Amino acid sequence: IQGAGAWRGQLLAIGSAAPVAVLLNWLTTRDHVLYSIKHGLYAVAGMDLLLMLLALLALATARRLNRRATNA
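Adding 6 to a residue's 1-based position in the sequence shown gives its number in my numbering.
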């Protein structure tokens, strides 16, 4: 599949950068997801959860593209 390598690279970058953003939020503000929910910081918790979901989807898509490239 032409261009799949570039897509995989971008998806892997997203898949690794999003959890790092969540981790940096926790390390710099001490507001991890459970703390944020407990203290009513729903925007922070929602963003952290959204970033983790985005990372999972990006990594799953990169894996799928990798399988297609090896089968083709």
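Worth flagging that the hints you see were computed from the coordinates, not collected in a lab. Each hint should be verified, as a subset may be incorrect.
Label-pair distances were calculated between CB atoms; the ranges are [what the hints assert, rightly or not]:
(1) Y41 with A10: 35 to 41 Å
(2) K44 with A12: 18 to 24 Å
(3) G52 with W13: 23 to 29 Å
(4) G46 with A10: 20 to 26 Å
(5) G11 with L47: 36 to 42 Å
(6) G11 with T34: 32 to 38 Å
(7) W32 with T67: 22 to 28 Å
(8) N77 with L47: 18 to 24 Å
(9) H45 with G9: 43 to 49 Å
Computed from a prediction, not measured in an experiment: that's the story for all the values here. Where is the CB? At the ideal position from N, CA and C, for every residue including glycine.
Which hint numbers does the structure go against, in order from smallest to largest?
-> Numbers 2, 4, 8, in rising order.
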